[in-house]
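Peer 1: So the chains spell out like this:
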Amino acid sequence: MPLLEIKNLHVKIDGKEILKSLDLTVNAGEVHAIMGPNGSGKSTLAYVLAGKAGYEPTSGEVKFDGKNIFDMTPDERAAAGLFLAFQYPLEIPGVATMTFLRTALNAQRKKRGEAELSTPEFIKRVREAAGKLNIDQDMLRRAVNVGFSGGEKKRNEILQMALLEPRLAVLDETDSGLDIDALKIVADGVNRLRALQRAFVVITHYQRLLSYIVPDIVHVLSGGRIVKTGGKELALELEARGYAEYQEEAVE
Amino acid sequence: MPAVQETVDQVRRIDVDQYKYGFETLIESDKAPKGLSEDTVRFISAKKNEPDWMLAWRLDAYKRWLTMREPKWAKVDYGPIDYQNIYYYAAPKKAPASLDDIDPEILRTYEKLGIPLREREALLGIRKTDGQNSEDGGAEPAGGNGYGRVAVDAVFDSVSVATTFKAELAKAGVLFMPISEAVHEHPDLVKKYLGSVVPVSDNFFATLNSAVFSDGSFVYVPPGVRCPMELSTYFRINERNTGQFERTLIIADKGSYVSYLEGCTAPVRDENQLHAAVVELIALDDAEIKYSTIQNWYPGDANGKGGIYNFVTKRGDCRGRGAKISWTQLETGSAITWKYPSCILRGDNSRGEFYSIAISNGYQQVDSGTKMLHLGKNTTSRIISKGIAAGHSNNTYRGLVTSHRRATGARNFTNCDSLLIGDQCGAHTVPYIETKNSSTVFEHEATTSKISEEMLFYCRQRGLSAEEATALVVNGFVKDVLQQLPMEFAVEAQKLISVSLEGSVG
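Residue numbers (the working numbering), protein chains in the order written: chain B, 1 to 252; chain C, 1 to 506.
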């Protein structure tokens with residue numbers, strides 16, 4: 001059974017059809033890249049999967065681990081192992097990053113019927129994961145993303161992903177706004193988490209990130225549907241030739 | 001927007017519709033005839049067996065009250081209050097002589113509220129608290145072995161029904177008793193200080209209170225004494241159509257320290273009930289008073305029916321050099337709140353603080369804030385106010401900061417933040433700033449923000465339910481103030497805001 005199965009998905013936002021008959025199948029252990037021009041529906045796809053309000057389908061189905069994803073609330077999807085690394089991570093004033101991590105982890109564990117992590121065990125895990133991402137203790141004490149640089153925010157997303165150990169991680173333009181060093185740290189973080197039971201959907205506009213997170217499969221999303229699928233070499237092709245040849249299909 | 005609706009619903013669940021203190025206790029009570037007249041005032045005074053000077057004081061207040069009008073400047077809207085349709089005095093029929101004599105129904109009421117009246121229970125409570133303290137490294141310097149205990153004065157309708165730990169406090173020289181008792185036992189102190197901070201004719205509601213106040217707490221801390229435990233009063237309005245007019249008087253003599261906590265609840269009633277309290281604090285040279293309130297009066301139902309009208313005058317006087325008064329309040333209840341705990345910074349180098357969290361929901365109306373009156377030299381004050389408005393509520397911060405000609409070197413820092421949940425509520429900030437000398441430094445910061453769907457979605461994507469997400473965001477918003485509450489109250493406050501607090505990692 002595929003981990004994620006999207007069939008004939010249509011999504012309208014404010015009366016405008018953004019996704020049109022989108023199909024995508026992701027198996028455990030795979031890394032898929034979704035590339036496409038601006039406005040092609042990449043972020044919409046990410047939000048639909050995560051369950052953002054206002055991003056409901058008009059038709060089609062999405063199954064996560066065999067279950068209809070639209071029957072689940074955003075937090076239920078998270079607890080079931082769906083993680084979205086946000087393109088623009090939100091700031092939560094007054095809530096220490098450490099507290100946020102712990103609240104999130106325990107909320108998911110509770111929903112899965114697991115016991116809460118003990119404080120020492122939790123701290124051990126955070127320190128370990130944070131260390132690998134060059135995140136210092138001071139950053140963990142600061143309020144979530146408040147005053148963080150672009151790079152810090154993205155590293156914080158990866159830290160959350162590492163702690164929450166999702167089964168499917170959707171990375172929405174995680175490379176945007178990163179310099180090359182930050183990009184490497186983030187990519188290394190993702191690569192460390194690659195595992196047989198875990199899959200990634202990496203959404204990006206540029207090929208650059210895919211030199212570091214090498215995908216198994218590359219899709220081109222244009223005009224709200226997947227217009228081409230290939231191996232990792234497709235990303236290089238796109239980098240060289242641009243999206244022009246796919247864009248006539250786009251309605252915009 | 002379904003998500004907004006969801007948020008509003010969940011906050012409503014936290015607050016209005018889940019008023020779990022809304023039970024009524026059936027006990028026989030002894031009431032004054034309905035309505036207000038000179039006879040009512042005499043009746044109350046006679047019930048308390050008061051000396052003539054006290055009665056004269058009340059009658060003077062009553063006469064002044066007759067000439068006064070209800071203030072209308074606050075941003076609150078309510079129908080006329082019929083002052084003749086209120087009972088001004090209600091007391092449980094069996095007058096308790098000791099803790100053992102208290103009507104078991106009343107004890108059960110306080111048990112339901114989670115207030116340990118019996119000293120034994122209070123003692124059991126200590127160990128738990130101590131355990132938490134050691135883990136967190138202790139929030140405040142502990143005053144010897146008494147740390148973590150709370151002495152409680154419980155006021156039921158118009159009378160104080162029990163005061164715990166009296167004997168032990170007496171050993172330290174601290175007087176903690178119902179004010180009705182203090183009138184008899186310490187008339188000199190009462191005469192000297194009562195009405196010295198909030199004069200009889202201060203304002204309509206304070207004057208009304210002066211005429212008909214029934215009970216409340218009296219605290220005197222002698223020079224150099226650090227009160228060995230937290231003092232606390234729990235107010236409960238139980239009787240129908242009964243107003244509560246308590247009067248609290250706290251005096252911290254030179255170099256002393258006291259921390260006082262106040263909690264309030266009432267049953268769910270369709271009609272509005274009036275609560276008009278007066279609190280006076282006096283801090284002499286180098287004394288410090290920390291006064292905390294968790295106000296959880298019945299706020300009315302989801303349609304705005306019923307609820308307590310809370311018209312309260314609270315004022316502290318830093319009468320001596322280097323005195324310090326700190327108000328911390330968590331306001332979650334009441335249909336209408338009209339309340340401005342203030343500090344008169346009379347002594348040189350004295351300091352006033354005001355930390356407030358005001359949450360309004362349903363059709364609640366809050367007009368609250370503070371006054372910092374800088375009279376002495378080098379006086380400092382700090383105001384941190386966090387207003388959270390949800391539902392159809394209106395939440396106003398109203399503050400006055402002034403410095404007198406003589407108050408050279410006065411400093412104030414004010415920070416008012418408002419958070420809106422949903423799109424039917426309102427947040428308003430009305431600061432007044434006045435200075436009469438050029439060396440004063442007053443700073444004012446204010447923000448208004450809306451709890452964003454994006455932020456909630458971010459939290460939910462990480463596994464938090466809508467409720468947990470809102471609680472987390474709100475908790476972050478009020479964090480600065482929550483940290484000011486004494487340990488014992490902080491726990492209750494967290495529960496009240498339905499917030500899981502910061503983890504144990506610092």
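Calculated directly from the structure, the hints in this document are not laboratory data. Only a predicted model underlies this, so the values are computations on that prediction, with no experimental measurement involved. Keep in mind that a hint or two might mislead.
As the list claims (entries may be wrong) - List time: in silico DSS-like cross-link candidates among lysine-lysine, alpha-carbon distance up to 30 Å: (1) B:K110 - C:K479; (2) B:K153 - C:K47; (3) B:K12 - C:K479; (4) B:K16 - C:K450; (5) C:K377 - B:K111; (6) C:K479 - B:K124; (7) B:K153 - C:K479.
Peer 1: Decide, hint by hint, whether the structure agrees.
Peer 2: Now for the hints, and whether the structure bears them out:
1. B:K110 - C:K479: holds, 25 Å
2. B:K153 - C:K47: violated, 67 Å
3. B:K12 - C:K479: Violated, at roughly 40 Å.
4. B:K16 - C:K450: Distance of about 27 Å is within 30 Å: holds.
5. C:K377 - B:K111: violated, 58 Å
6. C:K479 - B:K124: holds, 26 Å
7. B:K153 - C:K479: holds, 22 Å
Hint violations for this structure: numbers 2, 3 and 5, all remaining hints satisfied.
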